[in-house]
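Chemist: Listed here are the chains, written in short residue letters.
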Amino acid sequence: LPDVFLRKLMRNIEIKDRLSLRLTCHAFENLVANSHAGHFEAAFISSFTPDKLHLVLGNTSFYGIEWSNEVIEQRLLLMNSLFINISIGEFDFNIDDNFTAVSFVRDLISNFKIGTVGFRVDSKCQLDNSLLIMSDFLNSNYTMDLCFLPETEQLLSLPPMEELCIFTRSKISSELFIKLLDMHKNLDLGYLIINSDDLMTAVRTVSADTRQREIRLKVERSGIVSCLRDYGVSEDSKPGDFYDELEIVHVKKIHKLMHLRFDRCFIELKRFAWTGGDWNVDLTISNAEQKPSLDPSI
Amino acid sequence: RIYPLMRVTLTTSDGASVTVSRQLTKHSGFIEKAITDMAVDDNAVPLSAVAVDVDDATLKLVIEWLTEHRDDALPYPEKTDEERRADDIPAWDQAFVQKWDTKEDQQQTLYAVITAADKLDIKGLLDMTCKTLANKINGKTVEEMREILQLECDFTEEELAEIRKENAWCEN
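Chains Z and F, in that order, give the protein sequences. Sequential numbering from 1 applies to the first sequence in the UniProt record's numbering. Sequential numbering from 1 applies to the second sequence in the UniProt record's numbering.
Bound conformation, chain Z alone (with noise of 0.2 Å):
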């Protein structure tokens, strides 16, 4: 078969018959070696597991690896010899702070395109490690659940996401949700203490943004309600009244749930109640073009 063709087809093969391809005889084993693998949507790789590796590419799952040099060396043999290239989607990454670990990943994923690389956090050595990872793919999109709260210095000064989510019992103030905001395409932060100013300037920013964002927070219940009187908004608002360039679109008080619109910007308020205790109200405020699903029957 001509070789441009054989290329082409090593582009089509998943991972685990790359595997088996190897077996076949010398050719094969040097064609798996050299040839680029493709395209897959995900991959996944964990740390978690006490002493175990587990990387998922596309439906083909390697898992287990002692951290001795000479199995270390093994893994990363197979590694290169399964492709010479792949371009994955989205590699999520989840890694503990042995420092092996990271190593060993980085020189696992070399030869990697990655499109989105995504962390999920618990501590400041595995933001640490997951800068380190992001310094190797400089033209990747980012994305990343914080699990703690880091220093505001370090928060600050990660490079721009496609979404930041921050889970935390900690409180973000209502200023460095705005330094966020304009940092990154989407956010999801918990727990968030947001005053009417910082409210309207972020829907005014989401408002303004060519890019489709959506920004979720978790707001306690009295914020909302004071920055919605200080809008104007009251119990007694129904849809298709303004305030300024605010109009309410749609209010289901017996399902705690409102809409709004500012110019091009939703907001939705859920588990929203103008009396009552002082849980957290789930905001999001969106330009996508398609407007928060109404269900009929509420």
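Keeping only pairs whose Cα atoms sit at most 30 Å apart, straight-line, the calculated DSSO-like set for lysine-lysine is:
#	chain 1	residue 1	chain 2	residue 2
1	Z	Lys52	F	Lys140
2	F	Lys165	Z	Lys16
3	Z	Lys16	F	Lys140
4	F	Lys136	Z	Lys16
5	Z	Lys113	F	Lys165
6	F	Lys123	Z	Lys16
7	F	Lys123	F	Lys33
8	F	Lys136	F	Lys79
9	F	Lys79	Z	Lys185
No lab work stands behind these hints: they were computed from the structure.
Starting from the structure of chain Z, add chain F where the hints point.
Modeler: Just chain F now, kept in the frame of chain Z:
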């Protein structure tokens, strides 16, 4: 510009000749280059014969595929890595390949068409046959792969054992 009625005669490696519309041959980089290299008047009817290194039976299959795909966009859209997939073979093409499955020498026919697509530089046909062969290989055992690809195992037992040991990191 390709005139629909303009025709070109192709002579095959086994001495046959067939005259086809330029609407079909425009999809072949090789034939189009040959015509350009002749520097003949595009209005000459028929054009001088173009020799192709493909046998008559295979060329008939290629022409059948070209006839179905005569209106495909040119230049052939090269797909990015992200767009490339093997499960999007058009229904007509699947049936075209399935038809070979009734033949005893189905594998030889597929290989002959692949080689012809490569020689004639027909990117769409090369792409389709590539996906077809990939789909035949994926999920098969090593033995089945050797059979499909007509390969002889030239490994020693020790070499096979070594590769199996390397592959063992993969759990499934």
